[in-house]
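Just need the whole structure built from these sequences, with the hints factored in.
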Amino acid sequence: MIEVESLTKRYGTTTAISDVSFTVQKGEVVGFLGPNGAGKSTTMRVIAGSLGASHGHARVAGFDVAENPRAVQAILGYSPEVPPVYTNMNVRDYVRFAATLKGVESVNKAADHAMERVGLLGIQNKIIDHLSKGQRQRVGLAQALVHDPKVLVLDEPTSGLDPAQRVEIRELIRELAAGDRTVILSTHVLGEIEAICSRVIIINRGRIVAQDQLDHLSGVGRVVRVEVARPGEGLAKALEAIPSVIGVELHDGSYTVRADTDVREAVASVAAPFGLHEMVGRERLEDIYLRLISSGGAA
Amino acid sequence: MKAIFAIARRELGGYFSSVIGWIVLVAFTTLSGLFFSLMIGSLALQPPMGTDNQNVTEMIVQNLFSNLSVIALLVMPAVTMGIIAADRRERSVELLLTSPVTSTQIVLGKFLGSLAYAVAMVATTFYVPATLFSLGTPDSGVFYATYGGFVVLMAVFVAIGMFASSLSDNQLIALVVAFGINLMLWILGWAASLPGEGALKATLEHIALLNHFEQLSKGVVHTNDAVYFVSVIVFFLFVTTQRVEALRWR
Chain A
61 MIEVESLTKR YGTTTAISDV SFTVQKGEVV GFLGPNGAGK STTMRVIAGS LGASHGHARV
121 AGFDVAENPR AVQAILGYSP EVPPVYTNMN VRDYVRFAAT LKGVESVNKA ADHAMERVGL
181 LGIQNKIIDH LSKGQRQRVG LAQALVHDPK VLVLDEPTSG LDPAQRVEIR ELIRELAAGD
241 RTVILSTHVL GEIEAICSRV IIINRGRIVA QDQLDHLSGV GRVVRVEVAR PGEGLAKALE
301 AIPSVIGVEL HDGSYTVRAD TDVREAVASV AAPFGLHEMV GRERLEDIYL RLISSGGAA
Chain B
5 MKAIFAIARR ELGGYFSSVI GWIVLVAFTT LSGLFFSLMI GSLALQPPMG TDNQNVTEMI
65 VQNLFSNLSV IALLVMPAVT MGIIAADRRE RSVELLLTSP VTSTQIVLGK FLGSLAYAVA
125 MVATTFYVPA TLFSLGTPDS GVFYATYGGF VVLMAVFVAI GMFASSLSDN QLIALVVAFG
185 INLMLWILGW AASLPGEGAL KATLEHIALL NHFEQLSKGV VHTNDAVYFV SVIVFFLFVT
245 TQRVEALRWR
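Chains A and B, in that order, give the protein sequences. In terms of the working numbering, the numbers along the first sequence are unbroken and rise by one, the last being 359. In terms of the working numbering, the numbers along the second sequence are unbroken and rise by one, the last being 254.
Just so you know, these hints were derived from the structure itself, not from any lab. Virtual Cβ for every residue (Gly too), placed ideally from N, Cα, C. It cannot be assumed that every hint is accurate.
To be verified - If you only want the chain A side, here are some residues facing chain B, beta carbon under 8 Å, derived:
| # | residue |
| --- | --- |
| 1 | Gly72 |
| 2 | Gly109 |
| 3 | Gln133 |
| 4 | Thr160 |
| 5 | Leu161 |
| 6 | Lys162 |
| 7 | Ser166 |
| 8 | Pro303 |
Said to hold, decoys possible - Here are a few chain B residues that face chain A, going by a calculated C-beta distance under 8 Å:
| # | residue |
| --- | --- |
| 9 | Ala12 |
| 10 | Arg14 |
| 11 | Leu16 |
| 12 | Ser96 |
Claimed, not checked - Away from chain B, derived, C-beta distances all over 10 Å, residues of chain A:
| # | residue |
| --- | --- |
| 13 | Pro129 |
| 14 | Ala131 |
| 15 | Asp153 |
| 16 | Leu295 |
Structure representation (structure tokens):
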């Protein structure tokens, strides 16, 4: 549904993104992860057609964004990090305005539907300037949804929200992703990616450092962390002796076992005599992320 | 077409929900009222110049609007400074840029919306024909020509202001640039009125904005005035469209 091909964007002498390539299948929910200034927003803006690339192509549903932006924008909803609102309009007028711009046939119906989805019906007559940050964020989402797009590009949809609002928006995104809608979203909150996305793309300093299925990336079964009551040399040796284990590391009293195959069962039985307290059969996304970002290299 | 009107309506609504929109409207009405009463007053003090109703109307209306054209020249940059710059500062421009509308539609919509506001400014002078008609039977043709000409002049100011507003996300820069262009077009008129002959004088006369307006307000529509106004408006709308298109490539 989305094909990004060696995308590069330079601002003067600084390079925001360099040779970024990935594809997103129809119906997939992909998380875009990276530190501030890594190039997430730049990439998303190129896909949404509000920014041209210096090199490379972005295609949505077969249309090249640079050559045929209108065709792409008709089926794509984009919610930038800062909601693109007119603060002196009321919510309803704004969403209706967005619906008209996006070429929706029955503007009122589409606006009602979008406001209902993001929970704005109760405050539809409020002036946007008087809304809280979370409410504004939802107005931004309503704008992106109003034409029922096949593709959603959401740039930090939960930034600035309190935990309850976060959960709300997260649920909403999960609902939106049901069916065959394609979603690409960026966030700083790793838990969000784990909760919503099936695949993750990690970008650092303008380059993609990893892109894989979440399960695969976190090495389900292949990276096992165990905590035992009585740690010791014996346990490390025993773990290393398990076939297909590549290495064992000790950190703050917990062992991390890396292997080529699923070794959860073997690790459990080896660790049991040492008083197994806790075992996690995958690497935490946070650890993967920090490892990739700090190494700065490609995975 | 729908998108253009939606953008125009949004733009017009923006003026009436902003403080500056109302301030300008009130200031323009007050100033025009002041000029009008001064003119009527000074006319009353003068000895009668004959019974020709026609000339009195023309004198008052043309004089008033030639003053108002200078006021508009000074005030319009403040009206138009935010047309694009504020959208960029507030990031709302992103809604326009990521909707399936062209840069031309965006520019035309914003132009028409702002022009509608300018027409509202002009409409606040309705008391001028109302007063004059209640005092006598003036030739309505004078009003058509003057008002028509003035709206065209406003369209020029809007086009220039919009271009200035498209240069950056800074409204102050837009204000200064629009003011500068307007002032230049005005001052060229003074230069053109210096004694002498020659190609330079003819060129200056052609570029000077208010000279063309004066012709139009007399009810004389020369082809060259029409061409002048149309080409100035089209030129500035065109370069503004290029600026908006360039926003997508920044």
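Consistency of the hints with the structure:
no.: 1; hint: Gly72; verdict: violated (11 Å)
no.: 2; hint: Gly109; verdict: holds (6 Å)
no.: 3; hint: Gln133; verdict: holds (4 Å)
no.: 4; hint: Thr160; verdict: holds (4 Å)
no.: 5; hint: Leu161; verdict: holds (4 Å)
no.: 6; hint: Lys162; verdict: holds (5 Å)
no.: 7; hint: Ser166; verdict: violated (12 Å)
no.: 8; hint: Pro303; verdict: violated (53 Å)
no.: 9; hint: Ala12; verdict: violated (11 Å)
no.: 10; hint: Arg14; verdict: holds (6 Å)
no.: 11; hint: Leu16; verdict: violated (12 Å)
no.: 12; hint: Ser96; verdict: holds (5 Å)
no.: 13; hint: Pro129; verdict: violated (8 Å)
no.: 14; hint: Ala131; verdict: violated (8 Å)
no.: 15; hint: Asp153; verdict: violated (8 Å)
no.: 16; hint: Leu295; verdict: holds (55 Å)
Going through the hint list in order, the structure does not satisfy hints 1, 7, 8, 9, 11, 13, 14 and 15.
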